[in-house]
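Peer 1: Keeping their order, the protein sequence lines are chains W and C. To convert, take the position in the first sequence, counting from 1, and add 24; that gives this note's numbering. To convert, take the position in the second sequence, counting from 1, and add 118; that gives this note's numbering.
Hints should not be assumed to be uniformly reliable.
Claimed, not checked - Each computed BS3-like pair below joins lysine-lysine, with the alpha-carbon atoms no more than 30 Å apart:
{"hint": "1", "chain 1": "W", "residue 1": "K662", "chain 2": "C", "residue 2": "K186"}
{"hint": "2", "chain 1": "C", "residue 1": "K186", "chain 2": "W", "residue 2": "K330"}
{"hint": "3", "chain 1": "W", "residue 1": "K540", "chain 2": "C", "residue 2": "K157"}
{"hint": "4", "chain 1": "C", "residue 1": "K216", "chain 2": "W", "residue 2": "K544"}
{"hint": "5", "chain 1": "W", "residue 1": "K330", "chain 2": "C", "residue 2": "K157"}
{"hint": "6", "chain 1": "C", "residue 1": "K186", "chain 2": "W", "residue 2": "K423"}
{"hint": "7", "chain 1": "C", "residue 1": "K186", "chain 2": "W", "residue 2": "K544"}
{"hint": "8", "chain 1": "C", "residue 1": "K186", "chain 2": "W", "residue 2": "K378"}
{"hint": "9", "chain 1": "W", "residue 1": "K675", "chain 2": "C", "residue 2": "K265"}
{"hint": "10", "chain 1": "C", "residue 1": "K216", "chain 2": "W", "residue 2": "K330"}
{"hint": "11", "chain 1": "W", "residue 1": "K675", "chain 2": "C", "residue 2": "K216"}
{"hint": "12", "chain 1": "W", "residue 1": "K423", "chain 2": "C", "residue 2": "K216"}
{"hint": "13", "chain 1": "W", "residue 1": "K540", "chain 2": "W", "residue 2": "K557"}
{"hint": "14", "chain 1": "W", "residue 1": "K492", "chain 2": "W", "residue 2": "K557"}
{"hint": "15", "chain 1": "W", "residue 1": "K675", "chain 2": "C", "residue 2": "K186"}
{"hint": "16", "chain 1": "C", "residue 1": "K186", "chain 2": "C", "residue 2": "K265"}
Derived from the structure by calculation, the hints contain no laboratory data. Given the structure is predicted, the values throughout are model-derived calculations rather than measurements.
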Amino acid sequence: MGQELDSSEAVRAWSERIDSVAAQFVLGEAASVDTVAENLAWMRREAAGAGWEEIARLAARLHDRMKASPQWYAEGPMADGLEKLRRAIEAATAPKAEPPKPANTLAQDAGLVNDFILETREHLTSIENDLLTLDREPAQPEALHSLFRSFHTVKGLAGFLEFDCIRALAHEVETILDLARNRQLDITARVIDVVLESADYLKNEMNRLEAELAGAPPSASADVSALIVRVQALNKPGEENEEEAAAPPKPELVRAPEPAGLAVETLPAAKSTPAAPPAVAQETKAPAAESRTSSEKFSVRVDTLKLDYLLDMVGEMVIAQSMVRQDPELAGLRSPRVTRNLTQLSRVTDEVQKTAMAMRMMPVGHLFQRVARLVRDMSRKMNKPADLELSGEDTQIDKTIVEELADPLMHMVRNSLDHGIEAVETRRASGKPERAKISLRASHQAGHILIEIEDDGRGLDREKILAKARDRGLVSEGHTLSDNDIYNLIFEPGFSTAAAVTDVSGRGVGMDVVRKQVMKLRGRIEIHSEPGKGTVFQLKLPLTLAIIDGLVVGVGAERYIVPIFTVQEMFRPAPEMLSTVKGQGEMVMVRNRLLPVVRLHARFGVQAKSSDPAQALFIVAEAAGRRFCLMVDEFIGKQEVVIKNLGEGMKNIPGVAGGAILGDGRVGLILDLDGVYGDHSRV
Amino acid sequence: MTATITDNKAASGQASDHRSGKYLAFHLGNEEFGIQVMKVREIMGVQDITAVPHTPHHTKGVINLRGKVIPVIDLRLKFGLEEVPYTQRTCIIVVQVKGEQGSSMLMGIVVDGVSEVLNLTASDVEDTPDFGTGVETRGLLGMAKIKGKVKILLDIDHVLTVHDLTSLQAALQ
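Next comes chain W alone, as it looks inside the complex (with noise of 0.2 Å):
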């Protein structure tokens, strides 16, 4: 192995070497073509031995030549692969260059910038909130040192991490807030958008960030001076002229180039009435809620991993708990002290699980925030002015069920106001107010959470939709359907009437996918409408995702959870209701209405204990729209249970929805009925 020599001496050795070389060279002595060969050997060897490829490559390629010809070693070529060679031995035993500094050492410790990524955007959250806030009130103190203290603290933080763009606009935004709650400078809508927009660029700089943690390439931060200059800009009175003239909703101004006298008079409005533009959409909220103190109370980040697994070992607590109380050894004992001890511990382990449940919950209000904020972007854009009113934001719900609701929300917001509010003329000229109201209202109603999403618009034109439905084969003729079934055909695929996707979605979802959405989190969408009126949408969703009220039932020695909420009775048969249908299959009869059956045994491969219907129970069931009677064993029980995942390699199963943990600690299959009535047909 070639040694390492220290760079100076081995560039000297080498340069000997060289030198000799070259000089033998020129002196032309034909004697020294061997010894000038030994000499480039030795550099090749010495070359590939400290692993300098590039070195050894050169010399054995002069080597090679020269023997091969040795005339050429008389010839020009040879200088030139000597000097060659001679500078890349000085490159190679060249002290290294120190590598250039990266531009912020502190942000490559990954672990700071993803807390600083979720530092800021919870601070972003609050920023809009505030924003929204100071929309319909500018002057609301709390908003306003709330909204400073917030880019106050951005500006730090990524001060410390040498985020030079995002220092500079925080510390440009902080500036103009403390200039306003100074009282020296106003909040009108321009400052508010500019400072959204400056919002927007942080939350741009943060997806980018997190790009780069999770892999992508580096990239600088977009450029910042044209909207610092704008946040600048907010400071000089002057300028506020040209901003209205530029906005799209103020048709006059449009016409700047006309006599100043024009500019002038709209002045004077625009400062006396700062939510002047007309396409502002205003929150307003209901009385009782004053949710600005409630989101400060304390809190811990948990990781969710941990979150979860905690949940499961509460799960497993509870049935080890069950266990133990149910022991016969135990009972057999008549012990009223290990009694009252197993009561306590049972009376414990609920409680335990109760707030284990209820960690996963949030207020439903962080879903109204994001609807808040498109709401008055949609509304400027589409020139119809709305208010946005909410209540009931404080409604617990999993934390699941707001993550997946968020899009299908918007989705069904920008609906209403796309199609179902009509435009300021048509409002007016109907005697309706100019300003359209669209209300989210969140509620807990008897084991269930309502989301209603209302408006005042035109409602839905009953006979279109049926019209629509029959020109696109989805009913036949001579069907009859209530009101309800008709406004539900609006979310079949193929159905939706957005001809132009708006800029503000992006994504392009379906009402198809918005019902999609809503059946996957075990809910049902209500529709109710009156044309010239408006439209109401109501969503009914369990309190939560992850516990399911179930029937345990049997087959053959298997054992299956059928969810509560698709069953309307169980009965066992009597040999008279049943018949066979040609090209149907089997049916019962159940209170005058003929149903299919299906056989569970049959669906899933499993021994029954009895394939005869009249041993067997029958349990009437709902799934999307169809009703039915599976066909099991034997009732075992209802529990509510944990739904597990089954894991990677059986996501798709038809008919199983998850896995469950009985009470025997057996895992029980919960079935999803959608999946187990299947393609009936095919039976």
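Take the given structure of chain W and dock chain C to it, following the hints.
Peer 2: Coordinates of chain C only, in the frame set by chain W:
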């Protein structure tokens, strides 16, 4: 000093390095196998397995592992060997495998019996012989010869996550 020695070391050094270590030895019939101990989470006696419909024959179903529901695969069936009734020696080895997308998950494998933990050095492990064209041996890390017996070292990640093991089955038969 010469380039050739350098090359050699670079090539073979890596391969044997990562295959040495501790292996859990188990058997299916007369065939002995080993999987890296790092991948083994626990070993338990065979218990009630809840069957799941519409899954491949070798997927026996799922079990409750302290509150977590994990799938269980019968390794005999996975390798295309004949199915035998479970005995008292039959075990479920719970392993942590890395899926194709890099995610890791727990799975149980049913084996006839578990024997010991082997400490293998690089020299104990040999490459699987070339069985001929078309026979894929990616699920095999290599072979180890210990006390006169040959043990087949499995790449359990590959074995449990790749669906088509027909070539591997052919290699084992």
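Peer 1: Below or equal to 30 Å on CA atoms is what counts here, so check C/K186 against W/K378.
Peer 2: Answer holds: C/K186 to W/K378 is near 19 Å, not above 30 Å.
Peer 1: Is the Cα-Cα distance between W/K662 and C/K186 30 Å or less?
Peer 2: It holds: about 22 Å lies between the C-alpha atoms, which stays within 30 Å.
Peer 1: Given the hinted pair W/K492 and W/K557, is their alpha-carbon gap at most 30 Å?
Peer 2: 22 Å, holds
Peer 1: For the pair supplied as a hint, C/K186 and W/K423, confirm whether the alpha-carbon distance does not exceed 30 Å.
Peer 2: 21 Å, holds
Peer 1: Given the proposed pairing of W/K423 with C/K216, does the C-alpha separation stay at or below 30 Å?
Peer 2: 28 Å, holds
Peer 1: Please verify whether C/K216 and W/K330 have alpha carbons no more than 30 Å apart.
Peer 2: The hint holds at about 20 Å.
Peer 1: Verify the proposed pairing of W/K540 with C/K157, using a straight-line Cα cut of 30 Å.
Peer 2: 39 Å, violated
Peer 1: What's the verdict on W/K675 and C/K265, does the C-alpha distance respect the 30 Å limit or exceed it?
Peer 2: 44 Å, violated
Peer 1: Just to be careful, I want the Cα atoms of C/K186 and W/K544 compared with a cutoff of 30 Å; is the pair within it?
Peer 2: 22 Å, holds
Peer 1: Would the hint linking C/K186 and W/K330 be met if the CA-CA limit is 30 Å?
Peer 2: 14 Å, holds
Peer 1: Under the criterion that the straight-line Cα-Cα distance not exceed 30 Å, is the pair W/K675, C/K186 satisfied?
Peer 2: 15 Å, holds
Peer 1: Checking one constraint from the list: CA of C/K216 to CA of W/K544, max 30 Å. Satisfied?
Peer 2: 28 Å, holds
Violated hints, listed in ascending order, are 3, 9, 16; each of the other numbered hints is respected by the structure.
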